Amino acid sequence: MPRKTRPRKVVEPPKFKAYKPVCLENENNECIELFYEEYEALKLADYDNMNHCDAAKLMDISRPTFARIYEAARRKIAKALVECKEIKAVYGNAIFDKNWFQCTLCKTRFSQPEGLELLECPICKAKEIAKM
Amino acid sequence: MKTIITATGNTEDALFDLRYGRAKYFCIYDKETNSSKFIKNEHADAQGGAGTKAAEQTVELGVKQVISGDFGPKAKEILEKFNIQMVVLNDDTSSIKDIINKIK
Ligand SMILES: [Zn+2]
Numbered sequence: 001m002p003r004k005t006r007p008r009k010v011v012e013p014p015k016f017k018a019y020k021p022v023c024l025e026n027e028n029n030e031c032i033e034l035f036y037e038e039y040e041a042l043k044l045a046d047y048d049n050m051n052h053c054d055a056a057k058l059m060d061i062s063r064p065t066f067a068r069i070y071e072a073a074r075r076k077i078a079k080a081l082v083e084c085k086e087i088k089a090v091y092g093n094a095i096f097d098k099n100w101f102q103c104t105l106c107k108t109r110f111s112q113p114e115g116l117e118l119l120e121c122p123i124c125k126a127k128e129i130a131k132m
Numbered sequence: 001m002k003t004i005i006t007a008t009g010n011t012e013d014a015l016f017d018l019r020y021g022r023a024k025y026f027c028i029y030d031k032e033t034n035s036s037k038f039i040k041n042e043h044a045d046a047q048g049g050a051g052t053k054a055a056e057q058t059v060e061l062g063v064k065q066v067i068s069g070d071f072g073p074k075a076k077e078i079l080e081k082f083n084i085q086m087v088v089l090n091d092d093t094s095s096i097k098d099i100i101n102k103i104k
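Protein chains in written order, with the numbering used here: chain A, 1 to 132; chain B, 1 to 104.
Just so you know, the hints here were simulated from the structure itself, not pulled from any lab data. These numbers were taken from a predicted model, which means no experiment stands behind them. There could be a bad hint or two in this list.
Taking lysine-lysine and the DSS-like style, the derived pairs with C-alpha atoms no more than 30 Å apart in a straight line are [claimed, not checked]:
| no. | chain 1 | residue 1 | chain 2 | residue 2 |
| --- | --- | --- | --- | --- |
| 1 | B | Lys102 | A | Lys15 |
| 2 | B | Lys64 | A | Lys43 |
| 3 | A | Lys79 | A | Lys131 |
Derived list of chain A stretches under chain B, where covered just means 3 residues or more per stretch with a C-beta under 8 Å from a C-beta of chain B [stated by the list, open to error]:
| no. | segment |
| --- | --- |
| 4 | 40 to 54 |
| 5 | 118 to 130 |
We put the beta carbon where it would ideally sit given N, CA and C, even for glycine.
Extracted from the complex, chain A is given alone in its bound form (with noise of 0.2 Å):
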């Protein structure tokens, strides 16, 4: 039996749905899926120049899994570039963070403090909110 994997933290999904290199010799169709959480890790260790102890406690993961993510992450990339492979953005083993939500009218997103009961969109006042 597979273990179960652990969901992992989550701020927000990639703003982007994939990248396509523009390749000099002839295309392959073959694509890298980079989960989320994957994206996470990059982008809280190269981006945001977190160290990992601090980043796996954002993702709620223990240290090596977060190195294993972070790992798996660059080794992705690295291959899509050398390869010249698309790079798909795909939901993997995420969850987002409690607490924030997205209005399904204008997709502002926003986080909603403790104490704070009235559900509606901050920008435009919807009541149509999607929990992320």
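Given the coordinates of chain A, work out where chain B with the ligand should sit on it, guided by the hints.
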């Protein structure tokens, strides 16, 4: 209730700034009095920790809501702790006035 809207300039005609810690100005809008004032972000060009500084300043100003384009992990942690609502707008074509008109 006071709201911070990150701004690229110090008037309501200025465009919304997508950055939080590195925003050029903070527009502080007060819903009760429907008035706004602008403060310069002294840490916009800091080497590091701009997000933390911005979040600390937000707490000190007694603001309850921040509208920006992105919040770094450190800033988020602080804002979350002090129950300040974060609103993420990916709109770099709106002016501060446009945003105020929506939220007031
Ligand atoms: Zn909305």
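inquiry  = Hint by hint, where does the structure go against what was stated? Just the numbers, ascending.
reply    = 3
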